[in-house]
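Engineer: One-letter residues, chain by chain:
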Amino acid sequence: MNEEIKAIWRSFYDWVVGNGPRPENEVIPDEPPPDLPFTRKPKDKFSRFHEATLKERYNQWMEIHGLHMFSALYSGISVLTCIVIVSLLLATVAELPPFGDERNPANNEVIRRYVERGGKETGAQNIVAGLILDYRAFDTFGESAVLFTAAVSVLMLLGASRRNNADDEQAMKGNDSGKNFMQRGPPSVRLHTFRRDDAILRGVASLSMPVIMMMGCVVVINGHLSPGGGFSGGAILSTALILCANAYGFERVHSFFNERTFITTSSTALMIYALSKGYSFFTGANDIHSVIPKGTIGNILSGGLILPLNICVGLIVAGTLYGFYALFSEGEI
Amino acid sequence: MIRIIIAGALMISGLFVLGIATIGIFRFSTMLNRIHVAAKCDTLGALLVLSGLIVLSGFNVFSLKLLLVIAFLWMCNPVASHLVARAEVRTNPNLESICDFVDMTEGGELNHDADN
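Protein chains in written order, with the working numbering: chain A, 260 to 592; chain B, 773 to 888.
Just so you know, the hints here were simulated from the structure itself, not pulled from any lab data. Accuracy of the hints is not assured; some may be wrong.
[Stated by the list, open to error] Examples of chain B residues lying across from chain A (beta carbon under 7 Å, computed):
1. 795
2. 798
3. 799
4. 847
5. 851
[To be verified] Short, incomplete list of chain A residues facing chain B, as computed with Cβ under 10 Å:
6. 275
7. 276
8. 349
9. 460
10. 462
Bear in mind the structure is a predicted one, so any value in this text is a computation, not a measurement. Ideal placement from N, C-alpha and C gives every residue a C-beta, glycine not left out.
Given the sequences, and given the hints that come with them, work out the whole structure.
Structural biologist: Below, the structure is given as structure tokens:
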């Protein structure tokens, strides 16, 4: 019974994979063992083994058996290391406190403070937004700065190669500094460029792009009221930009978003972030009354600095993601 | 009760379509055949499963959201399959040896040596 099921399953598998029926009593020919690349065959001087000195004997022994010894030692040590690490980690898991216990060290006064007084202190209905943009805003500022730095360095690297290519073309035309061209090598040639004139994609993009843009704006602006915020909303906005670039070409996006706009918006957003959070850190640390109103929980205009900070983070993320796409596919924003 | 039976029938037929399409993706050998099967799988199978869920939940906001999901899938999935197939046709130099196709573009833009 079991064998029959196995045979049926095997024939079904062969049919799916496309091998056809498997012949009965299939004999797989024995392949000759391949030549090991690092072993040496014994040489002539091996015949006068008794005449060799001790060092020569050691060298010969290492030539013949060294690789085997090393591989055996290597596998033994790796197995030992794995066993030690796995047992250490398992022992640690056994020592961990039970999941969900109220006396766990993670359930301390920080959590209680966030849950009980987070709404009143930050003015945000979404506790996570209040956490990452009010209590821990310094961390989020670092993340935005990392994104911006990555985008700027990619812009510098790829933009430098583009400028070099432009110089090379000028050099080729002017024919006065051909040596320069030889040093840098020819400009890169693309084999297949994707022509962005697809009528079907354009129709769907014209329908869906406004919806995606609006969705991104809603997610950014409602960051302190509902799940979402600057990072996710910025990603949605950049999706709309990338869709626009794919359907209508990068020239269409350049008409409202180019390198200059990207640098300006990103640095302005970072500066606003740094200044506003610097103000609130300063007032908080020195016990000065902050003039920024918290507002009533649940309104759009509430949460103090969280709404403008979300907009800043959303702008930076949207620009950075679209900038990466544009730089890697076209070589320019 | 009748509602549960109808919803179950719809969802099971949707799962049947998805399973057949999954087999087909492995069964076919060339990329264009596979994209044909995968597009059918996502449109028809997801439509049947989601309409089963709509029947199960009745007429409320949740089913309206599911209708929006169906509209989104029907709008985007054929376009995505079309773009993947188009990229294959444009970049595969051995296309004539795999299948018969007629170059219907103006002036034969699929000539790979041209600067398309």
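Engineer: Mind listing which of the numbered hints don't hold for this structure, in increasing order?
Structural biologist: Result: hint 8 breaks, nothing else.
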